[in-house]
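Enquirer: So the chains spell out like this:
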Amino acid sequence: MAKYAMVINTKECVRCRTCFVACKVKNGLPVGKKYGTEYHRLTFVEEEIGKYPNVRRTFYPTHCNHCDKPACLDSCPVGAIYKAADGRVLTIAEKCIQCGACVSACPYDARFINKEKGCADHCDYCLNRGTMPACAELCPAQCIYFGDLEDPNSVVAEMIASGKAKPLKSESGTDPQVFYID
Amino acid sequence: MSKLSRRDFLKTTGAVTAGLLITPTLSLETLAANPNVNPEPEGKWVHSACSMCTTCPMKFKVVDGKIVEVSGEDVPLQEGRVCAKGLSGIEGRVYAPDRIYHPLKRVGKKGEGKFVRCSWDELIGAAAKNLKQYIAEGHPERFSIWWSCPAQTDNPHFLGYWARVLGTEISYVHGQNCFGEKQVEANITFGGNHASTWLYPSIDWAHNKYALVSAMNFPACGGGNTSFGAGGNSTPFVAPLVKYARNHGQKMVSVDPRLADSAASNQGWLPIKPGTDGALCNGIANLLISRCQYDSDFLLKYTNAAQLIDAKTLKAVKDSRGRYLVWDFIKQKAIPQLTAGFSKGMTLGLGETFNVNGVTCKTAFQLYAEEVAPFTPEKVVEICELPFGPEKVVEIADDMAAAAPAAIHTPGFTAGRYSNWFQVIRCSSALNMLLGSFGSRGGYYYMKNEIGISSMGVGWPVPGVDVPEYPTDVEWVAGPWGTLRPARGIDEDPEYRKPRRFHQAVQSLPWYQIDAIESGKIRTLLSTAENPSYYLTNIRRVNRAFQKLDLFIVGDQVPKDTMDWADFILPECSYVERAMLYAGTLSGINTQLSVVFGRAKILEPLGESKPVTYFLSEIAKQAAPDTFKKYLAFTDKEDWESEWNNRRLLQAGLPVTAEELAENGPLVIERELNYDVLFQPIKTRSGRFELYSNELAEECYFNKESVWYQLPGVYPVPKHIDIAGPKNYDEFYLSNGKASWHQRNATQNNRILMEDALEGGMPFEPIYINADKAKELGIKDGDWVTVESVGPIKKDDPRIYEEVPRGTRDVVPARVTETIHPSTCFTHFGAGHRSKSMIEKARIGLPHGHFLPDSISPYAGGIGKNYAIVKVRKATPEEIQIKQNYIKTGDFKEILKLYGTKEI
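Going line by line, the protein sequences match chains B and H.
Using our numbering, the first residue of the first sequence is number 1, and each one after it goes up by one.
Using our numbering, the first residue of the second sequence is number 1, and each one after it goes up by one.
No wet-lab data here; the hints were simulated from the structure.
Predicted model only: the values in this text are computed from it and were never measured.
Each residue gets a CB set at the ideal place from its N, CA and C atoms; glycine is no exception.
A couple of the hints might just be wrong.
One side only, chain H facing chain B, incomplete, derived with CB under 7 Å [as the list claims (entries may be wrong)]:
#: 1; residue: 83
#: 2; residue: 87
#: 3; residue: 235
#: 4; residue: 236
#: 5; residue: 239
#: 6; residue: 243
#: 7; residue: 387
As a list, the in silico SDA-like pairs of lysine to any residue whose alpha-carbon atoms are at most 20 Å apart [stated by the list, open to error]:
#: 8; chain 1: H; residue 1: 841; chain 2: H; residue 2: 882
#: 9; chain 1: H; residue 1: 392; chain 2: B; residue 2: 54
#: 10; chain 1: H; residue 1: 683; chain 2: H; residue 2: 251
#: 11; chain 1: H; residue 1: 448; chain 2: H; residue 2: 669
#: 12; chain 1: B; residue 1: 34; chain 2: H; residue 2: 837
#: 13; chain 1: B; residue 1: 34; chain 2: H; residue 2: 91
#: 14; chain 1: H; residue 1: 109; chain 2: H; residue 2: 122
#: 15; chain 1: H; residue 1: 251; chain 2: B; residue 2: 30
#: 16; chain 1: B; residue 1: 33; chain 2: H; residue 2: 844
#: 17; chain 1: B; residue 1: 34; chain 2: H; residue 2: 97
#: 18; chain 1: H; residue 1: 114; chain 2: H; residue 2: 99
#: 19; chain 1: H; residue 1: 109; chain 2: H; residue 2: 548
#: 20; chain 1: B; residue 1: 11; chain 2: H; residue 2: 247
#: 21; chain 1: B; residue 1: 33; chain 2: H; residue 2: 96
#: 22; chain 1: B; residue 1: 166; chain 2: B; residue 2: 4
#: 23; chain 1: H; residue 1: 780; chain 2: B; residue 2: 55
#: 24; chain 1: B; residue 1: 115; chain 2: B; residue 2: 35
#: 25; chain 1: H; residue 1: 775; chain 2: B; residue 2: 54
#: 26; chain 1: H; residue 1: 251; chain 2: B; residue 2: 56
#: 27; chain 1: H; residue 1: 66; chain 2: B; residue 2: 30
With the sequences and hints as input, model every part of the structure.
Expert: Laid out in structure tokens, this is it:
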């Protein structure tokens with residue numbers, strides 16, 4: 001049995017946006033404002049810190065954190081969201097009533113209502129591609145690490161265990177399983 | 001990482017559905033069986049290349065005539081990856097909703113952008129009629145082709161061949177906008193055999209310890225614009241190398257007026273006033289010299305630093321046989337400069353003079369030391385307007401000296417930025433010579449047996465074998481990317497008169513081309529795979545010139561600014577609908593890697609689209625049937641493109657055919673890393689890398705016949721030259737640069753790449769202004785501002801050829817940021833298109849080309865593509881309304897209201 005987690009090393013990221021496009025293209029997300037708004041499972045969080053010239057700009061590719069205590073799951077009135085054994089947080093399309101409660105509940109703004117699919121949408125670690133998540137697979141800088149926390153040889157497990165990789169907004173209380181090195 | 005097949009994956013995880021942690025409901029199989037899923041398609045991979053910038057190997061799956069899957073190739077470093085552009089190119093360009101599938105004919109006035117469908121016959125007929133007439137008049141060169149980067153252009157070698165046999169003009173017009181000026185400097189300083197390494201730049205990134213990078217959004221915009229086929233620097237190949245370097249102690253510092261997107265991931269940012277990178281290089285060089293931290297062994301062996309120069313006249317001294325001289329400190333006399341690689345007895349002569357037959361001489365090195373001596377750290381801070389104290393300059397020099405020879409400076413891939421940029425590149429070359437970073441581990445790396453698109457031969461039919469001997473009335477010389485081009489100039493100032501006005505590596509001179517159109521020397525123009533109404537300088541002049549053409553044919557897959565001025569639009573098939581051949585070489589972690597990859601036709605051309613080569617051969621059939629029969633009849637054959645590419649592969653001695661590349665994938669050749677500098681002779685006048693440029697001295701600076709006589713721009717010792725600048729508190733340099741996720745100015749119709757969310761905190765369309773300056777001007781983030789051209793003007797810079805018309809202005813949203821030098825505003829290259837045919841968002845920004853005057857850097861022909869000075873203020877409500885009308889409608893009359901004129 002696996003427990004998937006992800007580490008993103010923002011120090012290695014070259015900000016080329018390949019992850020964003022890989023996710024869209026490989027998961028067949030609608031392009032542009034097809035349904036009145038853009039659909040993206042990845043969101044870039046950037047911040048300028050400091051004042052000229054001692055300023056830096058952070059860059060975090062963010063998406064569903066596949067939390068161990070998902071706020072979305074708790075908020076869903078119809079039980080359409082569940083935590084799979086492999087660590088993924090998943091949404092069952094047939095059950096979803098598109099109420100949007102999970103979208104509001106997520107502290108990471110990682111979810112949206114996908115009108116084309118007729119359900120809430122978010123990163124599912126490319127479940128239906130049956131491969132490594134597209135972002136991790138295609139990142140030119142190879143700064144997105146995807147692995148199994150229960151694999152003793154996993155580089156991801158090691159980075160998290162060492163404390164070098166930390167989740168975002170850990171005060172959210174949802175126990176996110178995507179970690180960042182910055 | 002392992003790639004599980006979908007079936008394997010489900011087998012593994014399906015077994016644990018019984019043990020779900022939280023709410024067991026549906027199995028993963030059921031979820032996966034959801035009809036809205038996107039399973040990995042079946043189908044066969046076909047091998048080819050991406051064309052979104054300058055090519056990476058790529059493969060495609062085609063099912064029922066449609067591309068359903070894309071991937072990079074499984075070659076070293078790339079390992080199946082391609083970047084955002086490659087991934088989006090199919091949906092975003094090939095299947096774009098506004099893809100042009102039919103020939104179009106203009107109705108209404110030029111510039112209105114109104115077209116109707118017409119037939120291929122009509123399009124071909126119109127072009128053929130004119131060409132036939134020009135041939136009859138004895139002036140086939142009145143017909144001209146402008147072609148673009150070899151990645152986007154359909155077989156530029158064929159285009160050159162076509163022009164050759166028919167006698168038309170052909171021009172790589174954007175060359176000076178791209179790297180043309182740098183290529184000149186590379187040839188002058190390092191010689192043709194060593195030029196491309198400096199140019200791209202080809203750096204042994206994996207082992208580099210310190211990189212000072214000017215003017216590049218690096219590493220995501222590798223080599224200036226992610227170029228593999230063109231030079232070995234694309235993101236999928238370079239990002240792993242830079243990562244390796246970072247993990248092994250590399251420090252990279254970006255020198256740039258603004259903290260570029262990808263450069264923000266580097267270890268330092270040195271904000272610099274535009275055009276002053278030469279002063280920075282000279283300042284670092286001054287520290288290295290004064291503290292004896294330069295590589296004297298390298299300088300003595302491989303450069304002409306020891307060459308003796310007359311201290312009074314500053315001309316090189318020569319012996320009676322015309323040989324350059326050095327001082328032999330053992331023999332205590334002047335001797336002919338030794339061949340590169342040897343240095344016995346030679347001295348750098350710092351602080352010394354030498355008597356050569358009564359003439360007091362200094363070494364080139366001493367002259368250079370004197371040239372850089374005024375650039376103390378304090379002076380550098382002052383000239384460059386660095387926001388740090390002089391200790392910052394010292395820190396950089398310290399870091400470079402400690403890391404040398406695995407330390408480099410690069411002035412960027414593309415050139416032509418300001419009117420002084422040629423000398424900036426010279427200053428950078430010299431600094432690297434002091435560091436000894438050419439041919440060193442972690443420095444500039446010379447490819448051995450390089451395989452690239454320039455080295456694979458032109459593939460022209462062999463005269464006397466495949467076709468008759470070529471017409472001999474026009475001399476043909478080396479062109480860009482291994483092509484050939486006509487030697488003649490097209491106006492009364494040909495490039496090849498003696499003395500040369502411009503170096504022969506100058507690929508084309510845009511202002512000559514515009515002059516030629518205005519004077520009627522060029523009357524019919526085909527512009528393929530490029531967007532001159534966006535990227536050239538002084539765009540209002542460019543578009544006025546286009547109105548004068550008898551016939552203007554513009555080719556591409558999707559709409560763009562230039563099309564609005566066309567008479568006909570040529571529906572060019574996309575990069576997956578035609579054949580081409582690419583190769584690139586770069587230095588990897590343990591090996592030198594070459595990849596040869598072929599683009600087979602993945603799809604039949606969609607709609608009525610066709611390759612440009614088809615269009616040209618059909619024109620020739622009608623306009624010059626005899627010439628067609630003799631030289632172009634092979635184009636009627638079914639797969640002539642593969643035959644052409646096979647000729648190129650044969651010329652390059654490569655053991656593969658075009659068909660094999662398409663069937664089996666890329667040919668990979670790995671060699672040991674070899675740091676030899678003298679793998680080939682240094683082809684400069686002295687046979688050494690020229691710190692003191694003998695060519696500049698003899699051709700230009702001391703040549704009374706030269707139009708550049710005694711101009712600082714061609715001074716033989718690297719020199720910082722001041723450029724014009726803002727004069728008032730509300731004036732700025734208007735700089736521009738590339739976003740790594742765009743293909744320059746050609747992807748702003750690609751709906752994926754134009755999504756707001758993709759931009760993150762780096763919105764593509766606004767103008768970027770320093771936060772303190774914005775506050776001073778009462779501008780807040782998101783405010784609309786009016787940007788007006790105020791310079792540079794001829795009075796302030798004699799290198800200005802034609803100024804921007806008065807009244808040129810635009811209204812754009814402001815992005816207030818801490819990450820830009822207060823002297824400079826920034827817009828993205830590709831923001832602010834001027835075309836009704838493009839998406840609304842693409843019209844929000846400011847097209848910097850309208851604000852760039854035409855300028856000329858001496859001898860190297862740089863066009864000053866970043867050289868604009870503007871006044872910025874908050875926009876009035878009326879101005880905002882006009883711009884918003886324009887954004888909505890694309891009606892150019894709105895822009896003319898801003899310009900205060902009725903005509904472009």
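Enquirer: Now tell me, hint by hint, if it's right for this structure.
Expert: Now for the hints, and whether the structure bears them out:
no.: 1; hint: 83; in the structure: holds (5 Å)
no.: 2; hint: 87; in the structure: holds (5 Å)
no.: 3; hint: 235; in the structure: holds (5 Å)
no.: 4; hint: 236; in the structure: holds (5 Å)
no.: 5; hint: 239; in the structure: holds (4 Å)
no.: 6; hint: 243; in the structure: holds (5 Å)
no.: 7; hint: 387; in the structure: holds (4 Å)
no.: 8; hint: H:841 / H:882; in the structure: holds (16 Å)
no.: 9; hint: H:392 / B:54; in the structure: holds (13 Å)
no.: 10; hint: H:683 / H:251; in the structure: violated (33 Å)
no.: 11; hint: H:448 / H:669; in the structure: holds (12 Å)
no.: 12; hint: B:34 / H:837; in the structure: holds (19 Å)
no.: 13; hint: B:34 / H:91; in the structure: holds (14 Å)
no.: 14; hint: H:109 / H:122; in the structure: holds (19 Å)
no.: 15; hint: H:251 / B:30; in the structure: violated (40 Å)
no.: 16; hint: B:33 / H:844; in the structure: holds (17 Å)
no.: 17; hint: B:34 / H:97; in the structure: holds (12 Å)
no.: 18; hint: H:114 / H:99; in the structure: holds (16 Å)
no.: 19; hint: H:109 / H:548; in the structure: holds (12 Å)
no.: 20; hint: B:11 / H:247; in the structure: holds (10 Å)
no.: 21; hint: B:33 / H:96; in the structure: holds (15 Å)
no.: 22; hint: B:166 / B:4; in the structure: holds (16 Å)
no.: 23; hint: H:780 / B:55; in the structure: holds (19 Å)
no.: 24; hint: B:115 / B:35; in the structure: holds (7 Å)
no.: 25; hint: H:775 / B:54; in the structure: holds (18 Å)
no.: 26; hint: H:251 / B:56; in the structure: holds (16 Å)
no.: 27; hint: H:66 / B:30; in the structure: holds (18 Å)
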